Amino acid sequence: MELSFENAFERLEKILEKMNSGKTPLEESLKLFEEAESLINTCESRLNTAEQKIEQLIKQKGELVLDAEHTPKKGPF
Numbered sequence: 131m132e133l134s135f136e137n138a139f140e141r142l143e144k145i146l147e148k149m150n151s152g153k154t155p156l157e158e159s160l161k162l163f164e165e166a167e168s169l170i171n172t173c174e175s176r177l178n179t180a181e182q183k184i185e186q187l188i189k190q191k192g193e194l195v196l197d198a199e200h201t202p203k204k205g206p207f
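Residue 131 is where the sequence shown starts when you use my numbering, and the numbers rise one by one after that.
Be aware that one or more of the hints could be misleading.
FRET-style restraints, in silico, Cβ to Cβ [what the hints assert, rightly or not]:
#1 Glu143 with Glu181: 20 to 28 Å
#2 Glu157 with Thr179: 29 to 37 Å
#3 Lys148 with Leu177: 39 to 47 Å
Derived pair list, reagent style DSS-like, types lysine-lysine, alpha-carbon separation capped at 30 Å [said to hold, decoys possible]:
#4 Lys183 with Lys144
#5 Lys144 with Lys161
#6 Lys161 with Lys148
Note that these hints are calculated values from the structure, not bench results.
Since we're looking at a predicted model, the values are computed, not measured.
All C-beta atoms, glycine included, are put in the ideal place defined by N, C-alpha and C.
Take the sequences, apply the hints, and build the full model.
Structure representation (structure tokens):
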């Protein structure tokens, strides 16, 4: 089952809290770090997908708004 952005982000926050507690054994910390890395990739993928969908919607409603570097402006428009 794929995690939603919100669920992945929530789990990532819990992992960070646990790792920052200073009470997590090394082996568990390594496992949590690996899980966190996977969750970060999941969140990044979900954000990229959302950004692409937003760009498509902007294109459909009119011209794509670009910033000074000629990349899609992320807001505010």
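Hint check results:
1. Glu143 with Glu181: 20 to 28 Å: Since the Cβ atoms of Glu143 and Glu181 sit about 22 Å apart, the hinted range of 20 to 28 Å holds.
2. Glu157 with Thr179: 29 to 37 Å: Between Glu157 and Thr179, where Cβ atoms are some 34 Å apart, the hint holds.
3. Lys148 with Leu177: 39 to 47 Å: 24 Å, violated
4. Lys183 with Lys144: 29 Å, holds
5. Lys144 with Lys161: 14 Å, holds
6. Lys161 with Lys148: Holds - the C-alpha atoms of Lys148 and Lys161 are around 12 Å apart, at most 30 Å.
When held up to the earlier numbered hints, the structure conflicts with hint 3 and nothing else.
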